[in-house]
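From first to last, the protein sequence lines stand for chains A, B and C.
If you're matching positions, the first sequence starts at 1 in the numbering used here and goes up one per residue.
If you're matching positions, the second sequence starts at 1 in the numbering used here and goes up one per residue.
If you're matching positions, the third sequence starts at 1 in the numbering used here and goes up one per residue.
Heads up, some of the hints might be wrong.
Simulated coverage check for chain B against chain A, where a stretch passes if three residues somewhere in it have a Cβ under 8 Å from a Cβ of chain A [stated by the list, open to error]:
{"#": "1", "stretch": "5-17"}
{"#": "2", "stretch": "62-70"}
{"#": "3", "stretch": "245-255"}
Note that these hints are calculated values from the structure, not bench results.
Think of the CB as a built atom: it goes at the ideal place given N, C-alpha and C, for glycine as much as any other residue.
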Amino acid sequence: MVTVTNYLSDGFTLRSWLTTHDHKRIAVLYMVAITAFFFLGGAAATMIRLELATPQGDLVSADTYNKLFTVHGVVMVWFFLIPSIPAVLGNFLVPLMIGAKDMAFPRLNLASWYVYVLGGLFTVAALVAGGVDTGWTFYTPYSTRFTDSNVILVILGVFIVGFSSILTGLNIIVTVHKLRAPGLGWFRLPLFIWANYATSLILLLATPVLAMTLVLVALERFTGIGIFDPALGGDPLLFQHLFWFYSHPAVYIMILPAMGVASEIIPCFARRTVFGYRFMAYAILGIATLGFLVWGHHMFVSGQSMYAGMVFSMLSFLVAIPSAIKVFNWTATLYKGSIFFSAPMLYALGFVGLFTIGGLTGLFLASLALDVHLTDTYFVVAHFHYIMVGGSVMMYLGALHFWWPKISGRMYPEMLGRIAALTLFLGFNLTFFPQYLLGWLGMPRRYHEYPPEFQLLNLFSSAGAAVLAVGYLLPLGYLGWSLFFGKRAPANPWGATGLEWQTPSPPPKHNFEEQPVVTRGPYAYDPVR
Amino acid sequence: MSWLPVEASDIAARVDLLFYSMVALTGLVAIGLFVLMVVFCVRYRAGSSADRTNPPPRKKWLELGWTFTPLAIFLGIFVWAAVVYAAFYAGPAGNAMTVFVVGKQWMWKVEHANGRREIDELHLPLGQPVRLVLSTEDVIHSFYVPAFRIKQDAVPGRYTSIRFTPTREGEYWLHCAEYCGTDHARMGGKVVVMAAAEFSRWLQAGNENRSLAAQGFELFRRLGCSGCHVDSTVHAPDLRGVFGRVVHLSDGRTLQADEAYLRDSILLPKRDVVAGYEPIMPSFQGQVDEGQLNALVTYLKENR
Amino acid sequence: MPTIPFDSRLERREAALLAMWAFLVTEALFFGPLFFGYVHGRIANPAAFVSASHPMHVVLGTLNTALLMTSSLTMALAVRGAQQGKAIRLWLALTALLGLAFLGIKASEYWMESSEVAKASGAELTFYFLYFAMTGLHALHLTIGIGVVAWLWRHAARFGREYHAPVEVSGLYWHFVDVVWVFLYPMFYLLERYNA
């Protein structure tokens with residue numbers, strides 16, 4: 001077997017990896033880093049579910065529990081979910097999908113990874129120094145004056161990693177604008193590109209607001225100046241408005257790339273073009289835009305005015321429309337297709353189902369009168385886990401499987417892939433569906449002990465978490481195994497359209513031997529054999 | 001444990017109607033979609049003999065249809081939910097019984113108008129509209145009674161309030177629903193709804209305090225408020241009947257004097273200065289706690 | 001050897017300009033919460049904001065505005081000079097010097113104001129906090145800008161008709177810093193200061 005130089009074999013030293021400018025290597029660096037953080041956040045989740053298996057708070061102390069759910073949220077949101085698809089798959093695939101040699105600013109790309117790692121170090125330092133117990137939401141005045149945990153350290157970590165997000169977003173935007181191959185107009189772009197582009201717009205616009213808000217929290221904590229603390233002349237609702245102005249668009253940062261992945265996988269394994277390409281593209285932009293207008297739906301019982309609540313509620317219903325459109329279009333993409341149930345396809349179908357449930361329960365929370373009862377209960381916890389885990393994580397794993405041959409040059413064992421997808425789907429539902437019931441029955445969130453009548457449902461949830469853990473460990477195992485023992489992958493194992501499949505697996509350092517020229521739209525599949 | 005939560009307030013019945021309707025609607029949509037997906041996956045699985053000629057890349061009427069139909073349905077749900085929501089804040093005013101609730105790490109302190117106090121418990125009479133006025137001594141807490149379907153954050157530096165009418169006797173869980181530190185999960189208790197006559201007896205029994213208004217009057221004198229506001233050479237507004245009055249401020253704004261205005265006038269007197277008066281009133285921030293503020297406000301409300 | 005993914009210098013210049021615009025948008029949103037806090041404060045505590053603005057040094061503030069806006073002129077002349085292949089060192093030097101003068105005056109203002117601020121409380125303190133935070137953040141950005149202009153001055157020989165993107169991109173940044181000040185100046189020095 002002749003060894004052809006590809007991006008993986010272009011230097012085997014650690015130094016060649018840590019000083020690379022190659023977007024594909026940087027993607028792999030991100031993948032390793034976020035996997036580590038995923039398991040850190042997952043360890044916290046494991047402790048949480050173990051504690052919640054019984055009504056008494058007997059496994060860990062109340063303070064420890066509060067630190068566990070805080071680290072779970074902080075790590076999963078900022079160090080796993082937000083970078084996951086854009087910084088791993090986006091970095092790897094955006095130049096390939098548009099026929100470019102690399103991202104627009106390769107050195108900035110590498111810098112963004114180092115910034116990510118630096119932010120991660122500060123956060124881990126906060127953990128080692130004893131943790132933080134404010135929740136990932138840092139509500140004031142608890143976070144500014146009442147807790148004595150390591151708030152400023154973790155704020156530094158999140159502040160720094162925000163710049164990693166901004167640099168990634170900036171790179172993707174300029175790359176998509178300036179480096180598309182000849183013939184690749186906007187409406188010939190794969191929806192994965194549209195999704196990551198819209199995500200990058202949100203990254204750019206929302207993250208700086210979070211950065212400044214956290215700076216103000218740290219300042220208030222450090223100097224005692226009253227910004228958010230009424231005892232010092234400040235306003236706690238000001239914090240909430242500023243925080244959620246970022247954190248609501250942030251959830252669209254987390255889901256839009258997953259939607260982009262689904263739009264690549266489903267047409268491929270249904271062997272037909274995506275249904276309603278234009279509406280899909282517009283829906284992506286619609287979600288990104290409307291996502292900036294709904295932040296007050298996190299504050300319906302906060303003391304904000306009733307009228308503000310009504311405006312935010314109505315806008316929240318509006319933002320559900322483009323998401324619904326996408327679900328209908330994915331379903332319609334199955335019509336008259338020729339469907340293969342590969343592992344990526346199972347992940348994608350699972351994604352559509354779980355995202356649908358998560359999205360529909362969002363309607364409950366957008367309804368003012370219902371939200372009064374449901375907010376701050378396990379209903380909300382279930383809702384956002386259906387979208388974040390059932391949606392984003394499922395599609396991150398689906399994407400890893402789909403593009404694994406391209407990234408690693410190896411095939412993963414298909415049967416294990418399918419088993420893992422099914423295990424994940426089952427474990428996920430067992431873990432999180434009972435939580436909808438718990439919320440409706442009145443179990444508040446962030447409780448380390450609870451009324452005994454909630455035990456049965458909590459037990460189901462904790463049992464499900466064990467199955468879920470298997471669903472995550474399996475791919476860790478066989479994907480790692482495949483790096484050494486997997487079958488070598490051809491350039492296009494799935495028969496997929498898209499420029500990334502027109503180059504060897506793994507790709508050479510500069511992606512393409514010759515500049516590709518695009519002459520037709522995406523997803524030119526034909527289901528008729 | 002009953003599988004469905006009990007409905008113990010007037011609001012609860014309305015909330016549940018909306019909730020179960022939405023369960024039915026979203027359940028139908030979800031099941032419909034899943035069935036369709038399964039049907040497509042089976043019918044069009046690779047190797048089946050289904051007709052795959054000319055798979056449609058789009059169908060404009062269908063796409064517009066499934067854009068505008070959900071839009072109409074969503075707007076309907078929005079209006080329904082908003083109307084029920086308004087009842088939490090703007091119910092019939094007159095006969096609502098005001099109860100002050102003060103949250104603090106990690107307990108709830110309740111003060112009835114006659115002075116009776118409770119900790120981590122709230123006794124209420126059946127069928128009597130209630131208005132809870134919430135405040136907190138430290139961080140944000142949230143007063144949550146699942147059986148009533150009510151929840152309202154207690155925010156430092158201000159009053160928040162919520163209205164409902166208990167419609168079922170019994171004992172119900174009270175939880176804090178906004179994370180507030182170490183013992184957030186232990187900051188709860190129960191709400192006890194009793195028949196009206198029984199509640200009256202309970203209210204009188206075991207109450208050694210004077211009424212809130214009487215306590216407020218005593219504070220009004222002790223803190224020196226009457227020194228300026230009652231028969232004084234100091235030019236200060238007459239506070240008789242101030243509650244509910246339309247007040248004209250020195251910067252041109254007009255507002256209606258509610259509990260929030262009274263509270264702010266005591267703690268932040270330079271903020272809303274009445275037209276025609278100098279901003280000479282000192283602030284009592286740090287000199288009165290939440291309980292004392294509640295007493296002063298009650299006194300002012302009843303001082304007609 | 002870093003990969004340059006662009007096909008031409010033109011493409012690379014356009015990408016650099018787009019990147020700077022995108023970055024400036026993030027900067028605007030970084031200042032955003034502070035602007036929002038100011039609006040919120042002024043609406044909630046109008047009287048306190050008026051009285052807090054009385055001790056502000058409006059003459060120095062106005063002088064600073066003139067200096068900074070002139071520096072934008074000299075920067076624009078530097079950019080044009082680079083595009084046309086003319087000498088730019090003079091304009092760059094003037095820009096940096098005007099920026100330094102601004103910083104000097106600002107520092108003296110801070111020195112004089114700190115005693116005033118120590119006496120403030122309540123919402124007046126909020127006004128001063130916002131003043132120091134926003135003008136301080138602005139001054140930090142201006143300092144970075146002066147550093148960038150100094151670097152351009154050092155390497156001025158590189159730039160000409162063929163290659164001038166770094167000058168243009170820096171010009172964009174400098175003008176942004178100026179525009180931020182154009183908002184800060186009326187907010188802290190002019191608004192309602194002559195009210196009772």
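Results for each hint:
no., hint, in the structure
1, 5-17, "holds (count 4)"
2, 62-70, "holds (count 5)"
3, 245-255, "violated (count 0)"
Violated hint: 3 only; the structure is consistent with all others.
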